[in-house]
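Protein chains: 2
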Amino acid sequence: MKLKVVSKILDANERIAQENRKIFDDKKIFVINLMSSPGAGKTSLLEQTIKGLKDFAKIGVIEGDITGTDDAIRIDALNVPVVQINTGGGCHLDASMIQETLMELPIDDINLLFIENVGNLVCPAEFYLGEDIKAMVLSITEGHDKPLKYPMMFQQSKAVVINKIDLAPYLDVDMEKIRRDILSLNPTVAKFEISCKTGQGINQWTEWIKTNCLCRKH
Amino acid sequence: MKLKVVSKILDANERIAQENRKIFDDKKIFVINLMSSPGAGKTSLLEQTIKGLKDFAKIGVIEGDITGTDDAIRIDALNVPVVQINTGGGCHLDASMIQETLMELPIDDINLLFIENVGNLVCPAEFYLGEDIKAMVLSITEGHDKPLKYPMMFQQSKAVVINKIDLAPYLDVDMEKIRRDILSLNPTVAKFEISCKTGQGINQWTEWIKTNCLCRKH
Chain A
699 MKLKVVSKIL
709 DANERIAQEN
719 RKIFDDKKIF
729 VINLMSSPGA
739 GKTSLLEQTI
749 KGLKDFAKIG
759 VIEGDITGTD
769 DAIRIDALNV
779 PVVQINTGGG
789 CHLDASMIQE
799 TLMELPIDDI
809 NLLFIENVGN
819 LVCPAEFYLG
829 EDIKAMVLSI
839 TEGHDKPLKY
849 PMMFQQSKAV
859 VINKIDLAPY
869 LDVDMEKIRR
879 DILSLNPTVA
889 KFEISCKTGQ
899 GINQWTEWIK
909 TNCLCRKH
Chain B
699 MKLKVVSKIL
709 DANERIAQEN
719 RKIFDDKKIF
729 VINLMSSPGA
739 GKTSLLEQTI
749 KGLKDFAKIG
759 VIEGDITGTD
769 DAIRIDALNV
779 PVVQINTGGG
789 CHLDASMIQE
799 TLMELPIDDI
809 NLLFIENVGN
819 LVCPAEFYLG
829 EDIKAMVLSI
839 TEGHDKPLKY
849 PMMFQQSKAV
859 VINKIDLAPY
869 LDVDMEKIRR
879 DILSLNPTVA
889 KFEISCKTGQ
899 GINQWTEWIK
909 TNCLCRKH
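Chains A and B are the protein sequences, given in the same order.
Numbering-wise, the working numbering comes out as the position in the first sequence, counting from 1, plus 698.
Numbering-wise, the working numbering comes out as the position in the second sequence, counting from 1, plus 698.
In isolation and in its complexed conformation, chain A is listed as follows (with noise of 0.2 angstroms):
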């Protein structure tokens, strides 16, 4: 009874994702899919992003909190169009919380669009807002248990980037497990290893964005 009515509501999901999905194709907007713990750096590695490619794309950033505009207001300093959605409550974004938002943000000038979603390591990767590809961030503050206790977020990003490696020498952390589990889960995935604070490994990230997104569409 319970999974029934949680399949409808993926169902109806799904139906306005594809809407958003036929949106952004018309519009010829890459869309990336944001999500990780909370406090793992997501805003941080935006800011680092629209900094590296302001040159390169017209981006827009979504924000996704349960409440509060603290990001949008890092974003907004960067002179980047963002409107900040507030889920008050629930633990992820949704494809109608994103269809609502879209009017909010100048569309026709967009042409590559992040949506940083709700700090979670779980719902978030069940929900498709239409999207071109997921990509998640983890912080190496979290051990390198968190691969293998959960796997759907890493299954389901086409990027994982592996953050905050500058306090590295500070911590216990195995980081030949992380890289080796990651594969394991995702053969296939794009991985950097970086530090916001530092600027490390920034680059190689841009550039990924660049190859496989940005000349991807257009």
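If you're looking for bench data, these hints aren't it; they were derived computationally from the structure.
Among the clues, some could well be false.
The calculated EDC-like cross-link candidates involving lysine to aspartate or glutamate, where the alpha carbons are at most 16 angstroms apart (straight line), are [stated by the list, open to error]:
id, chain 1, residue 1, chain 2, residue 2
1, A, 875, B, 768
2, A, 895, B, 870
3, A, 720, A, 824
4, B, 875, A, 768
Just a few of them, taken from the derived set where beta-carbon distance is under 7 angstroms, the chain B residues facing chain A [claimed, not checked]:
id, residue
5, 745
6, 751
7, 844
8, 884
Please read these numbers as outputs of a predicted model, since none were measured by experiment.
Cβ coordinates follow ideal geometry from the N, Cα and C atoms, glycine included.
Add chain B to chain A, keeping to what the hints say.
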């Protein structure tokens, strides 16, 4: 429509949680529902807590994870009865999962039960399991914006354990803001600043459990 369905699920959960509550009262078991983001250090805190309280309490543990038995293996190594729940995708524990699991524990020989919830800073706070108190772990690596972004869990918890303070020198984290925001959300909360790695602050936490949990019950 969606809201109505959710509220029915919550009603059913509440009813089963009350049944659990009666079992805990009958058996004189104090129950702590431990919550946090993925990788904040719930299992590490449990390991330290068990070491500190082993001579004072008869401890049992229920481990909640989407998949795998890593955490149960770590607890089992300390010779404490433990049962692993795998939610198979579910992002939180619910009361019926606890009820089914209780039969697997020697509940006549336990007076302090820890339930380690699924790593998620959102949904676990919404589901009463029959516990005496909710407690949560916040890792300072998640950043100082977390209390205001995920208010419900901070409001629902009787104790907030701020973990990984050994990493403070390497982070741009505003500890004063964390303390201030937690107290603004929950003025009567018990607050601990600890490092599971170095052992700093663990003693205050275990003393608090002795005074507020064990003594209340026996």
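Discussion item. To test your reading of the hints: which numbers does this structure violate?
Written reply: The structure breaks hints 3, 5, 6, 8; every other hint is satisfied.
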